[in-house]
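Letter by letter, the chains look like this.
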Amino acid sequence: MNPGTILLALAFLSGVVSTALLTRSYLVDDDRYLSYVPKLTAGTAVLLVAALAHLTYQFVSLDYSNAYVWENTAAYLSVLYRVTGVYAANEGSVLLWASIVAVVALIAGVTRGFPTRRGKLVHALTIGVVTYFSAMLLLQSPFASVRTAFPNAPPGFTPTSGQGLNPLLVDPYMAIHPPVMFVSYALLTMPFAIGAAHFIALFRGDDGLFSTWVGSVTRWLRLGWLFLTAAVALGGLWSYTVLGWGGIWAWDPVETAILIPWLFLTATLHAVTNYRPGGRYRILAPAMTASVFALAVYTTSVVRSGVFRSIHSFADGGIGASFLVLMGVTTVLGVVLPLAYWAMTEESGDDTSGTEGTDESRLARWVTRSNLLHLAVLLFGLLTFVSLWGLSFPVLRSAMTGLEVSVESHYYNLWSLPLVLALLLLLGFYMDYDREGLRRSLAGLAVFGLATLVGAAVAPSETWRLASARPGDALIYQVIGNASALSVLPPVAYAILGTVKRTGGRIAATGSRDAKLKETGITLIHVGAALLVLSLPFMYLFAGQASVMATGVAAGAVDTSQRDVGTSSYDIRVLGYERSEFPNDPEPGTYALTSSQVLTRGQSLNTSVQTVHGTVTAIREGPRATVVQLDDSQVWVGIAGNGTVGVETGQEIVARGQVMWEFVPTADAIVLAGPETVGPADDPPDAAVPTRVIATGVSVAVYDDNGLVVSGVAGQREYPEQGGLQVRDVLIDRGPLVDTYVIAGVSDGTASMSVKRVPFMTLMRLSIVSLLVGMVLVLLFDPRHGVRTNSIAGYGESASSSQSRPEGVTEVSD
Amino acid sequence: MNPRKAMTIAFFAALLGIGYVSMNAAPVLSGEGYSHHGETRWQTDYADAVETAAAEDEPVVIYFWTTWCTYCEDYNQNHYSDPAVRSELDDFTKVAVNLDSDAEDATRLQQRYNVNYPPQHVIVTPDGEVLTRIPGYAPTEDFLTYLETAEERYQSGETADDGSVTTATAGPTSTPGSAAASTTEAAQ
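Here the protein sequences line up with chains F and Y, keeping their order. If you use our numbering, the first sequence corresponds to residues -8 to 805, in order. If you use our numbering, the second sequence corresponds to residues 226 to 413, in order.
No lab work stands behind these hints: they were computed from the structure. Each hint should be verified, as a subset may be incorrect.
A partial selection of chain Y residues facing chain F, derived with a Cβ cut-off under 8 Å [said to hold, decoys possible]:
id, residue
1, I234
2, A238
3, A239
4, I243
5, S247
6, A250
7, A251
8, Y271
9, A272
10, V275
11, T277
12, W293
13, T295
14, L314
15, R337
16, T370
To give an idea of the interface, some chain F residues facing chain Y are shown, with a C-beta separation under 10 Å as derived from the structure [said to hold, decoys possible]:
id, residue
17, L25
18, V398
19, L433
20, N575
Think of the CB as a built atom: it goes at the ideal place given N, C-alpha and C, for glycine as much as any other residue.
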């Protein structure tokens, strides 16, 4: 038992007790023992955060007695990347997730308390999730001893150097992306608990709690959306700079897995807007609220468990299997329960649209705001389905037929695009309809709809086609793939015009500052979304790339003449060659064993190649080799050759070679080194010091017709100790219209350089900022459910007021 | 009919339609021990392939790929559909290993040849000795040179020194695309 495991065990215990007490008090409606719950909740949160802090401390202090630390960090990394090593793999990221959920549960419990019976159920569910995570961590602990990796090592053994952080994660974006994502997933736990509790209450003959909690649900969902959007965006920008794709999205399973909850969360926000207590959406809105989290867990399981890669291997165990169980539980509570309730209750659906729009024509009965919103929810649902299905069907098909099929970006792009365009047209129409009335808005829709179809048919050049048709493609892909990107423009214009006109009118009409700000937020979100849709296809279709090779690139003089880059309008000039290695002169203790460590590990080191360090206490020269004693101990270093080694008594040395245990009668261990692998500790031989990173690159200047575009270093970093993995160091000029993106591969005196032109990146960045700022405004200033509104006005729904207030949001008290 | 109900029914119809069509339209990658890349057909069972290679006395090229790797897509389009490359590849036994696969065989090959990102080609003798390796993406010309180098080495009976990491000493410079997102889930 180490301190970390003890902290986790205690967190688990207090979680179990507090879940049990809350469940009991909900079931029998008896408040005895309930006073312990706040303390236990706080205890769980504090313990988990302490465990996280402990793990972080182990990372920073490089405590390799912990296997997880040993696997994910190394001495040469800066403190920032030692800290991010905490969530570099499964165990640590689950701990981070658990800690954040615990803190969210604590904040929710403290601010709202649990005055009502259903409130206790909600709290029981959130604490239940935390408890489950703690159990997962106990089963596959981030605090496991390093001896699990070295079963034969003697007690007290710790390795001298860590394995290092996955090179792809050595990036500032990766320092911030995972915490943001886990915050959003943790925030989604609350809506899940509320939604699930609602249906449990319904089944127990209650009328549910959604109507009284709708404000609180809205705030949790919005806050979750804010973080999830930021997380998706940060992940995309990371892949842009690190992976050298020259784009932000490639539909790999992990990316898709985070997009799915985002799409569904967006659908849910629209559904909750459409909710009327006792009226329409009384089942769908709570059901969707409950299932967002289930979906997040599902997608996490897909990418983590490994089960979905090959359906047969449940043997993986540990966290993979635990995610599957969690998936089952959340699916039952979040999806099956609502479905069952829906199936059991009489659907008196006819009253739903009765409240509005039944007056004139049949058409007017169809075109109501709530029906349009319903359509939006459905379209978002379909979009979610496309991504979800792409992630799932290869597995299904392979399980059913044994055939392995591929899901290409084709599939996602070509199905999603028509749906997205339909959504934008719908958005334009909804906004227009609200302002202009049925007849005029229908005319508008017809015009823009037609323009979209015409746009799809008109391709100014082949570049405009969405996908290059391949003979083997299914008909549907050929049809959509042949459409022109021009079709994107009318829906985007329609959506932006409609949104700005409607919210502009609303802003002018209202006198309340909060309402004005909320409408501004709504505008920013929808305009941002439209611009995002505009930027994405063009970014890929109009990206250009050209390459050039330069030879004779090495230290010293290089040919600095200006060269044409392929067929592009760019010129490039190689200014110099750079190469550096890390770490520089590390402490011997970070990579070499001391003589006492060698003796402790004893027999287990026999015949393995090791680096040792120590002070020379005796030298004996023989005819074919010199032997040197370290630290007056039973460890000797044998150096092949005849007296050519400049080693003196009293000197601190480093040596690398094969360890022979009880090889000669006079010493326990002898390290067989050569002249190349022995040297003084302050200037160790290259062969003995591990090189973790080799950065090679060229400093270049890139010009276009108007002069210098960008200059700097582009190249690659190689991690020889980590399978030779290479990471690009790209050079990016972020221009207002076009990003210039330089990739260089340098080896053996040759630099092959590619210059990519990626248009519309700035527009995309702006649209993301617009989405985020817009959501902050809506979250804070919505007159009905805003954080600020609720904190100043004693709102009807009792304590729901302040509970979703995020930290750092200043409360206005007047 | 209630408008919302009608829309919802249409929604489910669309959903089932998309699901059905896309599942059946997806290009078949593999089945019955083969997988297809571009216009080439690769074996998926290493043991079988080694037998073939030994019988035909030819080297084995092992291609490590994933479904989501963009450079693999480039290989499909630029290399495996190129007649010159295809005829050169005819002198090799081809094995494709999906890096996302959990199959024992695949994991063993990954570990043995120390492959942790796609795309990579490792060319080996039927005995498993490394002849050369192509880490990342190599343009068509370079790719051909690599294949020729491997072929020559095989004929002359030499192998790359150890096969640990980026050897390919005699090969031309490649531009390995480090499209290695294989571990992004770690940070997820």
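Against the structure, the hints:
1. I234: Result: violated, 10 Å to nearest chain F Cβ.
2. A238: violated, 11 Å
3. A239: A239(Y) check passes; min Cβ-Cβ to chain F is 6 Å, inside 8 Å.
4. I243: holds, 6 Å
5. S247: The hint holds - S247(Y) has a Cβ within 8 Å of chain F, the shortest such distance being about 6 Å.
6. A250: Check passed: Cβ of A250(Y) comes within 3 Å of chain F, closer than 8 Å.
7. A251: Hint on A251(Y): holds, closest Cβ of chain F at ~4 Å, below 8 Å.
8. Y271: violated, 16 Å
9. A272: Check failed: Cβ of A272(Y) comes no nearer than 18 Å to chain F, outside 8 Å.
10. V275: violated, 21 Å
11. T277: Result: violated, 21 Å to nearest chain F Cβ.
12. W293: For W293(Y), the interface hint holds, since the closest Cβ of chain F sits about 4 Å away, which is under 8 Å.
13. T295: holds, 6 Å
14. L314: violated, 20 Å
15. R337: Where the cut-off is 8 Å and the nearest Cβ of chain F is about 12 Å from R337(Y), the hint is violated.
16. T370: Violated, about 13 Å.
17. L25: violated, 37 Å
18. V398: holds, 6 Å
19. L433: violated, 15 Å
20. N575: violated, 22 Å
When the structure is compared with the earlier hints, violations turn up for hints 1, 2, 8, 9, 10, 11, 14, 15, 16, 17, 19 and 20 and for no others.
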